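Following the hints, put chain B in place on chain A, whose structure we already have.
Below are the chains, spelled out letter by letter.
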Amino acid sequence: MPGEGPGSNTHKWLELAVPLLSFGGALVAILSFTQGLPLDFRYPALGCVLASFVLAYLAWIRPKKDIVALTTPIYSLIFFIVPTEYMSGIILQLLYATSLTILVVRLKYRFGRPGMALSGGKELAEPLRTYVEQTRDVWTGISPEAAHHATVAFVRFAEGEFGETAQRSGTAAGQPDDVGNTPCLTRAFMIVSEHATLMDQSLSRPATYRTFLPEDSGMLAKPLLPAQDDDGGFYTTLDNALLLLFSAAWNASGEDRPHLLTCQAFAQKLLIGK
Amino acid sequence: MKIGNIDVKVSIVAIAVFVVFTILLVAASVYSMDVRSQLIWLVPGLFMLLVIPMALNYMSRSQYAELKPIYEAEAKTVRVKLINENMVGKIVRVEGVVERVYFQFLNRPQYLVADRSGEISVKMFTSPDEDVKVNDVVEVLGQVIRRYIVTGDPVVNCVSIRKIKKE
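Line by line, the protein sequences are chains A and B.
So for the first sequence, this note's numbering puts the first residue at 1; every next one is plus one.
So for the second sequence, this note's numbering puts the first residue at 1001; every next one is plus one.
Keep in mind that the hints are not guaranteed to be accurate.
Capping the alpha-carbon separation at 25 angstroms, the derived lysine-lysine pairs in PhoX-like fashion look like this [stated by the list, open to error]: (1) K1123(B) / K1163(B); (2) K1081(B) / K1002(B); (3) K65(A) / K1123(B); (4) K1002(B) / K274(A); (5) K122(A) / K1163(B).
Source of the hints: derived by calculation from the structure; they are not laboratory data.
Given the structure is predicted, the values throughout are model-derived calculations rather than measurements.
Only chain A is shown next, with the shape it has when bound in the complex (with noise of 0.2 angstroms):
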């Protein structure tokens, strides 16, 4: 699963260093004003600072970005940079940790879970990563112009460009030698070309619309489950392709791969979606 990675621990800890920090920085503010120790006020809001600076990292990796998180370290600096006075400092630093505290956790659970840039990476992410590898050894029979096809279908999809993708996919669907004995991808290439042309003249789902063979559903990403109805099952169909040519791009052209990335956070949008 995404975000379970070695990374999320990482992100357990960043998260508790929020409150740790910006609490902690009150505690010692509370205890140098008890025992009666002249210290700068903004040291211990230094704490406030960093918490607010981890808050917006963690702000920041997460696809869906909180804007309020994010100028947390602005306000941090406006409020802490000017010298003020010793108790109403530390009042001042102990609602601003609550309200970092609350932030956290809003962050937490409104913004979805950290998932740097997928588009920016330079490897796939599961479990679009699993799938390509599963994949990976039915796509040594096909050509490399194939591979480019399937390159340029998807990433024209995903860019809405439509058109292009059917009248792309079309071509490579009768071109059946490029593709070996994977005669899959030929279907996959005429499914995509169905939809995109369908999509690019905003027409629905007709009655009847091409499928995968029985013998493909080994190589599909998203199993058709009896209980889909109609609509259900032309869009996993779409799915299913849309992957499947992603996986034939990915492990038959090398080239390739950088444009694909690009278009990373779509695929396992695919994936992973409805």
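Chain B alone, transformed into the frame defined by chain A:
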């Protein structure tokens, strides 16, 4: 209020500001001779608090009305799930159910529209033609943008949102 074909709507916030400043001006002019002598400037200034938001609303709504046929011609109907960051700049048509409505009182409504494949934020920078509420089935026309212009998840910058009949 209708100007030409455009139904101009002033937000409740603008009306509240106008009312508050009217009360303040009336109170101040009762107690202060200096304020009374400046009423020739203050009263038009007060009305500008209503006129400026109305003018802005008229301009934005007339601009959106001009864009609507262009968007209707260019938009591709897509499911919510297919909208992704690679589609930024594309004009899309989305059909779905309104799950949440935010900031309607500011005349800058933001809707959470869902279809069977997922949900997406639909932002509108002016008041819509129709009063759209939660659970309404709608058709949205708009452009895919990033939530914070250069970063953030893809959202739809809405030019038109209209209720459609439930099938």
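Cross-check of the supplied hints:
1. K1123(B) / K1163(B): Cα-Cα ~16 angstroms, so holds.
2. K1081(B) / K1002(B): violated (38 angstroms)
3. K65(A) / K1123(B): With a Cα-Cα distance of about 16 angstroms, the restraint between K65(A) and K1123(B) holds, given a limit of 25 angstroms.
4. K1002(B) / K274(A): violated (44 angstroms)
5. K122(A) / K1163(B): violated (43 angstroms)
The structure is inconsistent with the numbered hints 2, 4, 5, although it conforms to all the rest.
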